[in-house]
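Participant: Each chain, written out:
Number of protein chains: 2
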Amino acid sequence: MLVSAKAISGFKEFLPEEQVEFERMKRIITKHYELFGFVPIEVAAVEREEVLLSKSGENTKQIYGIHLLERSDQAHGESDKSLALHFDLTVPLARYVAQNYGKLDFPFRRYQIQKVWRGERPQEGRFREFYQCDIDVIGDGDLGLLHDAEMPAVIYGIFSEMQVGKFVIRLNNRKVHNGLLSHLGIPLHYTEHREVPPGPDWEGPVEVQHNTLTLIDKMDKDGLEKTQQEFRDHVGVSEEQLSALLEVLTFEDTPAATLQWLQSRQYGDLFTQGVAELTEVVGHMRSLGVPDDQFAVDLGITRGLDYYTGTVYETTLVNHESIGSVCSGGRFDDLASTFIDRKLPGVGLSIGLTRLFTSLQKHGVIHTDASPKSMAKVLIVQMHPDLRSDYFRLATDLRRAGVPCEVFLEDRKVDKQTKYAVKKRIPYVVFLDQKRKERGVCTVRHFEGDEAEVPLEGLAAHLH
Amino acid sequence: MLVSAKAISGFKEFLPEEQVEFERMKRIITKHYELFGFVPIEVAAVEREEVLLSKSGENTKQIYGIHLLERSDQAHGESDKSLALHFDLTVPLARYVAQNYGKLDFPFRRYQIQKVWRGERPQEGRFREFYQCDIDVIGDGDLGLLHDAEMPAVIYGIFSEMQVGKFVIRLNNRKVHNGLLSHLGIPLHYTEHREVPPGPDWEGPVEVQHNTLTLIDKMDKDGLEKTQQEFRDHVGVSEEQLSALLEVLTFEDTPAATLQWLQSRQYGDLFTQGVAELTEVVGHMRSLGVPDDQFAVDLGITRGLDYYTGTVYETTLVNHESIGSVCSGGRFDDLASTFIDRKLPGVGLSIGLTRLFTSLQKHGVIHTDASPKSMAKVLIVQMHPDLRSDYFRLATDLRRAGVPCEVFLEDRKVDKQTKYAVKKRIPYVVFLDQKRKERGVCTVRHFEGDEAEVPLEGLAAHLH
Numbered sequence: 005m006l007v008s009a010k011a012i013s014g015f016k017e018f019l020p021e022e023q024v025e026f027e028r029m030k031r032i033i034t035k036h037y038e039l040f041g042f043v044p045i046e047v048a049a050v051e052r053e054e055v056l057l058s059k060s061g062e063n064t065k066q067i068y069g070i071h072l073l074e075r076s077d078q079a080h081g082e083s084d085k086s087l088a089l090h091f092d093l094t095v096p097l098a099r100y101v102a103q104n105y106g107k108l109d110f111p112f113r114r115y116q117i118q119k120v121w122r123g124e125r126p127q128e129g130r131f132r133e134f135y136q137c138d139i140d141v142i143g144d145g146d147l148g149l150l151h152d153a154e155m156p157a158v159i160y161g162i163f164s165e166m167q168v169g170k171f172v173i174r175l176n177n178r179k180v181h182n183g184l185l186s187h188l189g190i191p192l193h194y195t196e197h198r199e200v201p202p203g204p205d206w207e208g209p210v211e212v213q214h215n216t217l218t219l220i221d222k223m224d225k226d227g228l229e230k231t232q233q234e235f236r237d238h239v240g241v242s243e244e245q246l247s248a249l250l251e252v253l254t255f256e257d258t259p260a261a262t263l264q265w266l267q268s269r270q271y272g273d274l275f276t277q278g279v280a281e282l283t284e285v286v287g288h289m290r291s292l293g294v295p296d297d298q299f300a301v302d303l304g305i306t307r308g309l310d311y312y313t314g315t316v317y318e319t320t321l322v323n324h325e326s327i328g329s330v331c332s333g334g335r336f337d338d339l340a341s342t343f344i345d346r347k348l349p350g351v352g353l354s355i356g357l358t359r360l361f362t363s364l365q366k367h368g369v370i371h372t373d374a375s376p377k378s379m380a381k382v383l384i385v386q387m388h389p390d391l392r393s394d395y396f397r398l399a400t401d402l403r404r405a406g407v408p409c410e411v412f413l414e415d416r417k418v419d420k421q422t423k424y425a426v427k428k429r430i431p432y433v434v435f436l437d438q439k440r441k442e443r444g445v446c447t448v449r450h451f452e453g454d455e456a457e458v459p460l461e462g463l464a465a466h467l468h
Numbered sequence: 005m006l007v008s009a010k011a012i013s014g015f016k017e018f019l020p021e022e023q024v025e026f027e028r029m030k031r032i033i034t035k036h037y038e039l040f041g042f043v044p045i046e047v048a049a050v051e052r053e054e055v056l057l058s059k060s061g062e063n064t065k066q067i068y069g070i071h072l073l074e075r076s077d078q079a080h081g082e083s084d085k086s087l088a089l090h091f092d093l094t095v096p097l098a099r100y101v102a103q104n105y106g107k108l109d110f111p112f113r114r115y116q117i118q119k120v121w122r123g124e125r126p127q128e129g130r131f132r133e134f135y136q137c138d139i140d141v142i143g144d145g146d147l148g149l150l151h152d153a154e155m156p157a158v159i160y161g162i163f164s165e166m167q168v169g170k171f172v173i174r175l176n177n178r179k180v181h182n183g184l185l186s187h188l189g190i191p192l193h194y195t196e197h198r199e200v201p202p203g204p205d206w207e208g209p210v211e212v213q214h215n216t217l218t219l220i221d222k223m224d225k226d227g228l229e230k231t232q233q234e235f236r237d238h239v240g241v242s243e244e245q246l247s248a249l250l251e252v253l254t255f256e257d258t259p260a261a262t263l264q265w266l267q268s269r270q271y272g273d274l275f276t277q278g279v280a281e282l283t284e285v286v287g288h289m290r291s292l293g294v295p296d297d298q299f300a301v302d303l304g305i306t307r308g309l310d311y312y313t314g315t316v317y318e319t320t321l322v323n324h325e326s327i328g329s330v331c332s333g334g335r336f337d338d339l340a341s342t343f344i345d346r347k348l349p350g351v352g353l354s355i356g357l358t359r360l361f362t363s364l365q366k367h368g369v370i371h372t373d374a375s376p377k378s379m380a381k382v383l384i385v386q387m388h389p390d391l392r393s394d395y396f397r398l399a400t401d402l403r404r405a406g407v408p409c410e411v412f413l414e415d416r417k418v419d420k421q422t423k424y425a426v427k428k429r430i431p432y433v434v435f436l437d438q439k440r441k442e443r444g445v446c447t448v449r450h451f452e453g454d455e456a457e458v459p460l461e462g463l464a465a466h467l468h
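Going down the list, the sequences are from chains A and B. Plus 4 on top of the position in the first sequence (first one is 1) and you've got this note's numbering. Plus 4 on top of the position in the second sequence (first one is 1) and you've got this note's numbering.
Treat the hints as calculated values from the structure; they're not laboratory data. Watch out, some of these pointers could steer you wrong.
Because identical chains share one entry, a pair is satisfied inside a single copy or across any pair of copies.
[Stated by the list, open to error] No more than 27 Å apart at the CA atoms, straight line, and that leaves these computed lysine-lysine pairs for BS3-like:
#: 1; residue 1: K10; residue 2: K59
#: 2; residue 1: K85; residue 2: K59
#: 3; residue 1: K119; residue 2: K107
#: 4; residue 1: K59; residue 2: K119
#: 5; residue 1: K10; residue 2: K119
#: 6; residue 1: K30; residue 2: K381
#: 7; residue 1: K30; residue 2: K119
#: 8; residue 1: K65; residue 2: K119
From a predicted model like this one, the values you see are computed outputs, not experimental measurements.
Just chain A, same shape as in the assembly:
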């Protein structure tokens, strides 16, 4: 009786040709993070439950704990109890920075590319295991605004090189929103009364506190009509307040014109400070080479979390808006006060790579049907067993020159060997027999069918 090898929903695995493309994207992200000097760190997949619960907010229901399948009599130590898989990389970063505070140099600039786990209900496009690719700069006590300008430059580098079509980096500043709301007298939080359906844990109606910005955050998805109604019903705003608010939220123009218009508004100090920060960040972004048609000051961007306090970012693909934001982040005042008695402000961003990759596949932006299934650039055919050591020496020379290659090692006819190269999409095939060997050459056939005779000594250079 065979054990079933079927997939588990929500835990995405790729075929080799998909994995090659996935790795290509992961390496582009890594490269750009490193070009800005960010240093890699990696945290354990597990944390003590109390660490995760201290910051999990709405995610509590999605946390996976771990336990030994067989409880043994031999105690595995106290620390084996109450461990759980991390659901993001921010909580572990906070714990890591607090734990190693004395050994880190600030501003601490790290990148982190790791899997996270969330017990979501299985559904298309929702993953229970996925990659996050994060960078954050953490200051000790304070952190200058120039860091906020670097984030869009990192995004610009990554998405340009990925070749996923035109994209727009949308940015805003939470102080603009908070200043505006408070100047207009609209509460920053509102209470929603929810009827909880009777069930085993029924506790009757509950009151849920929301950040008013979550309504703005959902505006793109819900539409203007529904958003207005929610503001009226839940936040209790007047029509006057609402129209003043929406005038700002829906303003759209070039970055320069939007900033100019914002500068002309009089909505109090916090608002003015937010606009000044936005203006400065935009100026430095330009010096960092982000072209004007690749970013937008988008006053509808808030990011949902209470966590963010200044600049916020989202990035969308122009021809695939339905994918939503493919890279987002922002400025926060307080990374780790749950763990350490220090103020550690920061700014960062995150790319959910598993979701991005599968969305791009689904929307036909990337195709893996034609991707290689081997990292080899060359297949050396075994034309005659007597020449095996020559094939091996040739392969060794190529590898030392940095050219990934494969010798066909099975005992098969030559046309079976070339078919293997075609199936695995190895672009070059090399033929060497006794006659060619005597003349010091080999024949190189390209995928497309072109053939060339190349001196053995020049093969690596020819293939580079």
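Keeping the supplied structure of chain A fixed, place chain B upon it in accordance with the hints.
Facilitator: Leaving out everything else, chain B in the frame of chain A:
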């Protein structure tokens, strides 16, 4: 009240300067796996319990299951039940190959660099989460012997580039052992009677079946005296049998001399076949550039597992034998018969990177005290705020030329900025003020103190 940020034993995390070195080693491994054409795959961290239990052997007690911290009424689907973290990469590979059998091309050559989890009791050098770096070639039905010769060539490439001192790739063939044991009439398995101490699950004395080769495998650790005694006590061999066995097991000479000696022995067909395979593998290894003083035919090498059937490998560091094998593997006949009704033979090897790295640290082979804490090669000092956009443009030019760099973004005095570079071990510092700008140059100071004036346009080339 702060939440404690203390570490969890057995879940190793590195400081940035250690992580940089760890990544360097991981990239060397990746590079050499790819030079041989191996394609990356990655499996989910979790499997269904039945998949892991079908192959776990002695590891059953170490398997971590996962569960949702908060059981919710909304079912998360059947597949949420009975999931567990993988304890190695071989069982998931077997499941993956069986699951995707129709979509893979054979021989299937894949590499895999991922974390695995084992619920070991916390103790020094034992990890509960660690990296494995595996390659395997899997054939469909059959797989030629030449593949066995490539594995040592991969190992040679990796450990040469890692610069961890002299190493020796030890190889042997299980057919040599199995043939010898069977020719001498020594049983391949023996039974040990163990008294289980009374306890809640007490079931009285138990009989444990062992592979006789495990005694040979432990010989290095236990010493000759103890091994002989165990053979007498447990396997029940005669002194004649034992001395004939030990003559082979303890034979030591150059690879050529050892093979010649083995060829002269008459221990039956299986033994002779094993010796012939060893001889062929050694011949091809030489063609693949592995020098004679970097490998040994070591008849004491068996690898503990029943799993291996032919060539077996272990690699040791000459000056740090106590670290044990740093890379091992072998040939197996049957990867996935638990999951699929096909014979899938293979050959592979594995590097336990977390253990290797921490062992090398402990033995002083690698030092991270002087490793960089930033990926930047250059720090551009902010000498004057008016020149910020120049600093940003210079940084952008460097990054586009592939030079990782950082602009110092905080508002600090110049000497504080250079101290930051020293602390993070960024090798170059660039100074640019108004006067230098007018002359089109900057000053580049190297870590060691040398300074040079360099034209702004030539900076990237200078730093490459």
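Participant: For every hint, state whether the structure bears it out.
Facilitator: Verification of the supplied hints:
1. K10 to K59: between (35 Å within a copy, 16 Å between copies)
2. K85 to K59: Both. Shortest intra-copy (19 Å) and inter-copy (26 Å) distances satisfy the 27 Å Cα cut-off.
3. K119 to K107: both (25 Å within a copy, 25 Å between copies)
4. K59 to K119: Close inside one copy (18 Å) and across copies (25 Å); limit 27 Å.
5. K10 to K119: both (21 Å within a copy, 22 Å between copies)
6. K30 to K381: Both. Shortest intra-copy (20 Å) and inter-copy (22 Å) distances satisfy the 27 Å Cα cut-off.
7. K30 to K119: Both ways: K30 and K119 sit 12 Å apart in one copy and 17 Å across, limit 27 Å.
8. K65 to K119: For K65 and K119, both the intra-copy (18 Å) and inter-copy (25 Å) Cα distances are at most 27 Å.
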